[in-house]
Structures are given as structure tokens and as C-alpha cells.
Amino acid sequence: MSDEDNKQPEKQPDVAPPATATAKPAAKSAKAALPPDPRVVAAKATGEAMKATLDKQLGVTAVVEVSASKDVPILVIDKAYWVQAVQFLRDDALQSYDYLRMFSGTDYPNYIEIVIHLVSRKRNTALYVKTRTERDLAVVPSLTGLFQGVNWEEREVYDLLGVHFEGHPDLRRIMMWEGWKGYPLRKDYSPFEDLDERGGNV
Amino acid sequence: MAELRSEEMVLNVGPQHPSTHGVFRLVVTLDGEQIVDADPVVGYLHRGTEKLAEDLQYTQIIPYTDRLDYLSSMLNNYALVHTVEYAMDLEVPARAEYLRIIVMELNRVASHLVFTGTYLLDLGAMSPFLYAFMERETIVELFNEICGARLTYNYMRVGGVKWDAPAGWLQKVRDFIPHMREKMRMYHNLISGNEIFLDRVKGIGVITQEDAISFAMSGVNLRSTGINWDLRKNVPYGIYDQFDFNVIVAEHGDCLDRYWIHMKEIEESLKIVEQALDKISEGPVLGKVPKMIRVPAGEYYRGIEGSRGELGVYIVSDGKDKPYRLKLRRPSFVNLQILKKMLIGQNMANLIAILGAVDIVLGEVDG
Chain A
1 MSDEDNKQPE
11 KQPDVAPPAT
21 ATAKPAAKSA
31 KAALPPDPRV
41 VAAKATGEAM
51 KATLDKQLGV
61 TAVVEVSASK
71 DVPILVIDKA
81 YWVQAVQFLR
91 DDALQSYDYL
101 RMFSGTDYPN
111 YIEIVIHLVS
121 RKRNTALYVK
131 TRTERDLAVV
141 PSLTGLFQGV
151 NWEEREVYDL
161 LGVHFEGHPD
171 LRRIMMWEGW
181 KGYPLRKDYS
191 PFEDLDERGG
201 NV
Chain B
1 MAELRSEEMV
11 LNVGPQHPST
21 HGVFRLVVTL
31 DGEQIVDADP
41 VVGYLHRGTE
51 KLAEDLQYTQ
61 IIPYTDRLDY
71 LSSMLNNYAL
81 VHTVEYAMDL
91 EVPARAEYLR
101 IIVMELNRVA
111 SHLVFTGTYL
121 LDLGAMSPFL
131 YAFMERETIV
141 ELFNEICGAR
151 LTYNYMRVGG
161 VKWDAPAGWL
171 QKVRDFIPHM
181 REKMRMYHNL
191 ISGNEIFLDR
201 VKGIGVITQE
211 DAISFAMSGV
221 NLRSTGINWD
231 LRKNVPYGIY
241 DQFDFNVIVA
251 EHGDCLDRYW
261 IHMKEIEESL
271 KIVEQALDKI
281 SEGPVLGKVP
291 KMIRVPAGEY
301 YRGIEGSRGE
311 LGVYIVSDGK
321 DKPYRLKLRR
331 PSFVNLQILK
341 KMLIGQNMAN
351 LIAILGAVDI
361 VLGEVDG
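Residue numbers (the numbering used here), protein chains in the order written: chain A, 1 to 202; chain B, 1 to 367.
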């Protein structure tokens with residue numbers, strides 16, 4: 001446990017919030033002696049197995065990181081293989097993660113993360129799949145070819161986080177109006193500066 | 001003689017239109033009576049709840065969730081507190097769990113009643129609306145007694161509920177169940193066998209199973225296509241595994257099936273409330289919760305079966321008392337996407353029938 005905790009920051013020094021559920025904030029280091037959560041350990045093992053399958057299938061190192069949230073494995077996919085990896089997870093008879101129940105994005109200090117939650121109804125298991133992109137030139141391949149339902153979800157992430165989805169058929173703002181400048185869910189966004197310029201005082 | 005000139009017409013429905021139940025705009029392109037294109041425009045009610053939540057402590061976010069799907073605020077409250085409890089591995093006292101189940105299922109009944117009433121109103125039947133709101137009013141008054149508000153309840157807390165049921169409240173709920181069952185018979189007499197209604201909605205707005213999955217639909221819309229997926233059964237949360245109820249599944253995926261599932265689910269929810277009333281015992285309603293609620297660093301997602309589909313909360317935490325990022329998986333928003341596909345090729349007169357049956361609440365669509 002302590003080994004893993006110590007390793008985490010080394011692996012990804014630029015992550016503000018650690019990506020795993022096991023990592024504790026510094027203030028609670030006194031509690032670090034707790035045994036590892038068996039759910040997390042099991043989920044990580046499942047994730048590693050899935051990484052092996054995916055990497056073998058695609059013939060490249062597509063999965064760059066494996067972690068877990070409670071009992072759900074998290075796979076971080078290299079952006080270049082984003083669509084292929086998700087397509088494999090959806091179409092492979094063993095995986096059959098065909099239900100994309102949530103689509104979201106998070107702004108971190110050094111990158112923007114896109115996360116989807118896939119559900120396999122057949123196996124009744126869930127899986128979180130992520131990919132990362134730079135903040136300045138945030139571009140991610142679109143999943144609209146695989147799931148019709150991500151059309152609006154990608155528009156929402158584009159609108160609020162400023163991620164461009166390559167190949168999206170209709171990438172427009174959806175919540176804010178056309179002409180709005182800035183991406184509200186970015187951490188460096190200020191709600192009160194330059195309102196006139198952004199189109200706020202209509 | 002010159003040929004008759006024909007061209008497509010653009011018709012603007014909304015943003016202010018009684019059938020949209022909120023502010024929702026639909027730009028429809030018509031060729032005669034036929035819809036050739038439809039472009040839903042949303043965002044008129046966007047309040048940036050996700051952004052606001054980043055500056056709020058977890059308890060402070062609860063009242064904001066009331067205003068998402070304002071017809072089922074209890075379920076919204078629960079989705080948030082349940083995710084925080086899941087992230088922190090908190091225990092919830094038994095009485096609080098049962099009280100939550102009772103208010104959530106009553107809220108589902110109230111929400112489905114509003115659907116039935118307003119859907120029929122959209123189709124031109126005035127009286128079911130008035131009857132449905134009478135029963136809904138009884139439920140809303142019950143909520144008013146337990147938490148002091150008719151619509152924006154702010155009733156749940158991380159670790160339990162804010163107030164215990166006042167004296168005699170549980171008996172009032174118990175008395176309401178046979179009354180509601182009696183009324184359900186009246187609704188079926190009034191609506192379910194009405195030939196005008198049946199002709200209007202049968203075979204209209206059909207959703208296929210493949211589309212439902214591809215569009216990530218959930219709730220009644222998904223179950224109307226024949227897919228048996230109810231989070232209360234498939235991914236049990238809280239104490240739902242202790243209750244005996246059926247998941248209502250239809251097969252045609254049309255508007256009539258969606259109406260029918262709503263009606264049947266009211267009866268199933270009443271069953272759950274009845275069982276909860278039998279099992280509830282005395283005890284505390286708020287568990288041992290740290291004074292400052294800090295979610296351990298990491299990310300957590302929980303989805304619950306809301307009255308309109310999978311209502312999910314995704315929390316990214318950096319260990320502070322406020323979320324680093326809070327994402328709300330809003331079922332109305334996800335379900336509404338299929339509207340364009342459903343409308344194209346349909347007769348103009350079916351537009352309202354199809355839109356109404358998707359059962360959206362604009363506060364939730366726009367977040």
C-alpha cells in the first residue's frame with residue numbers, strides 16, 4: 001500500500017488531484033497505515049488484464065495508465081488510439097461495453113481529461129475510460145461514429161471546456177450562445193472579467 | 001399555365017410554447033405536412049450548476065440539485081448525497097434509508113402523475129391534467145409537512161435526512177396508498193381505454209433497441225423498447241435490494257408504451273412505499289458524519305434510477321471540502337437527443353405527441 005502511495009506522484013508529477021482512490025491527502029497521512037481497499041486492488045488487477053488485452057489487440061501501447069475508483073477499473077488511453085480502443089471495448093464479444101452512460105471532461109493544471117463511463121449490460125460491469133489532451137490545443141477524436149448519443153455530450157464539453165472533437169458532425173455551442181468567448185468550466189476562467197468582450201452584456 | 005411552386009417552410013416552435021414545459025426551442029423544416037428536419041435548441045435555462053458547485057461545500061450543493069429536475073427534487077438530492085456517501089464509505093442509519101425510499105418513491109409517483117396530466121393536456125385532453133394534479137397536490141403537501149417546502153425540498157443530507165417524519169406523517173402516507181390505487185383505476189377508465197387517445201399515440205415515435213442503446217437512453221424511454229434495465233434492480237443502491245417490485249418493460253417502443261410504463265410504475269412505486277412503511281423502525285435519522293465533509297481524493301460516479309432515467313453524479317475530488325469537478329449526468333438531456341431522429345419523416349401533427357412522451361424537464365436538460 002505504502003509503496004503504491006509513494007509511487008503515484010512520481011508516475012504523474014503534474015497531476016493536482018491524484019487519480020486513484022487510494023491516494024490520501026497529505027493532511028491525513030496519519031491514516032496511511034490502513035490496509036489497502038480490497039475493491040481497489042481487485043479492480044486494478046482487472047484493469048491490468050484489460051490493458052494487456054487492449055494493447056495486444058491494437059498492437060501498440062494504447063493504455064498508458066491503469067488505476068481504479070472503488071471497484072471500477074480506470075484505463076487511460078493514448079489519444080491516438082482513442083477511437084479504436086473504445087470501438088474494441090464496444091464490439092468485442094467478451095467485453096461488450098456497449099452502453100456509454102456518462103461523458104465528461106475535467107480541466108487539470110497541465111491537461112484536459114475526457115472521461116467516459118462504459119457499462120456492459122451483459123456482464124453487468126462498469127469501466128471508466130479516459131484520454132488526455134493539452135490545454136492550449138485541446139483536440140480529441142470524436143466518438144460520434146460509435147455512439148449516436150455522444151453528439152450533444154461532446155458539444156457540451158466543447159462549449160464548457162473548449163475541447164475540439166475531430167470528426168464531430170455539428171460542433172457548436174449548446175448551453176452558451178454562439179458568440180460567447182471563453183470556456184466556463186476551465187479553471188482559469190473568470191466569470192466577471194471582460195464580460196462585454198465575451199458577449200455577456202446583451 | 002405555370003407550375004405550382006412549392007418550397008420548404010421553416011417553423012419555429014418555442015422557446016415559449018405550452019407544450020415544451022419550459023423554455024425549449026425547436027426549429028422544424030416542413031415539406032407540406034411532413035417534417036424533413038428538426039433542430040432542437042437548448043440552453044435557455046442553463047444556470048451553470050456544475051460550475052457553481054465547484055465553489056460550494058457538499059451540503060451547500062444540495063439545494064442546487066433541487067432546481068435541476070424540479071419535478072423530482074428528492075431523487076436529485078439523493079443522487080448527490082449518495083455519491084458522497086459512496087465516496088466516503090459512510091453508513092446511513094436504517095430509519096433514514098427507509099425515509100429516503102418513501103420520499104423518493106412518492107416523488108416518482110408525483111412526477112409520473114405530472115407526466116400523465118401534461119401529456120394528455122398536450123394532446124388536447126384537459127380533465128386528466130386536473131385530476132392528476134389533485135393527487136400530486138396530496139403528495140406535495142406530504143412533502144411540505146416533512147421538509148417545509150412544496151417543490152425545492154433540500155431534505156437529504158450526507159449521512160441521512162435533515163428531519164424525522166413528524167408525528168402521524170407515516171400514517172398519512174399509509175392512508176394515501178389505497179386512495180391512490182383507487183384513483184389509478186379511475187385514470188385507467190378515463191384514459192387507458194380511450195380510443196381517441198389510443199389512436200393518437202399508438203405506433204407513433206417508435207424507438208428501436210439499437211437506437212436506445214446507441215443514444216444511451218435510460219429510464220422509461222429505454223424500457224419501452226423492451227430492454228430490461230432499471231438501476232434499482234440491475235445495480236442496486238441504498239436498500240433497494242430489500243424490496244419486492246417489478247420492472248415494467250414494454251415491447252413496441254412507441255408513445256403508448258411510454259405512457260403505459262409510467263402508469264404501471266406508479267403502482268410499483270406504491271408497492272415499495274408500502275413495504276418501506278411496514279419495515280421502518282424508530283432510530284436516528286442522521287448518521288455519524290464528520291463536521292466538515294471532505295471527499296477523499298479520487299473520482300467517483302454513482303447513478304440512480306431517477307424518474308426520467310439514469311441520474312448520475314460524478315465527483316472529482318482533490319481531498320478538499322469542495323468538489324474539484326462535479327458532473328451531473330442528466331437523463332432528460334441525454335434522452336432528448338433522439339428527438340431529431342424521431343421527428344424526421346413524421347407528420348407535423350405528431351410533433352407534440354412525440355415530444356411530450358420523451359418526458360423531459362427543461363431545468364434538467366439545461367443544467
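No lab work stands behind these hints: they were computed from the structure. Hints may contain errors.
[Said to hold, decoys possible] Far from chain A by the CB rule (all over 10 Å, computed), these chain B residues:
id : residue
1  : E50
2  : S127
3  : R150
4  : K162
5  : S214
6  : I227
7  : Y240
8  : D241
9  : Y324
10 : V334
11 : L336
[What the hints assert, rightly or not] Taking lysine-lysine pairs in the DSS-like style, the calculated list, with each CA pair at most 25 Å apart, reads:
id : chain 1 : residue 1 : chain 2 : residue 2
12 : B       : K233      : A       : K70
13 : A       : K70       : B       : K279
14 : A       : K122      : B       : K233
We treat Cβ as the ideally placed atom computed from N, Cα and C, and that holds for glycine.
To see whether the hints hold, each was checked on the structure:
{"no.": "1", "hint": "E50", "result": "7 Å, violated"}
{"no.": "2", "hint": "S127", "result": "36 Å, holds"}
{"no.": "3", "hint": "R150", "result": "28 Å, holds"}
{"no.": "4", "hint": "K162", "result": "27 Å, holds"}
{"no.": "5", "hint": "S214", "result": "4 Å, violated"}
{"no.": "6", "hint": "I227", "result": "8 Å, violated"}
{"no.": "7", "hint": "Y240", "result": "15 Å, holds"}
{"no.": "8", "hint": "D241", "result": "14 Å, holds"}
{"no.": "9", "hint": "Y324", "result": "5 Å, violated"}
{"no.": "10", "hint": "V334", "result": "6 Å, violated"}
{"no.": "11", "hint": "L336", "result": "8 Å, violated"}
{"no.": "12", "hint": "B:K233 <-> A:K70", "result": "20 Å, holds"}
{"no.": "13", "hint": "A:K70 <-> B:K279", "result": "30 Å, violated"}
{"no.": "14", "hint": "A:K122 <-> B:K233", "result": "14 Å, holds"}
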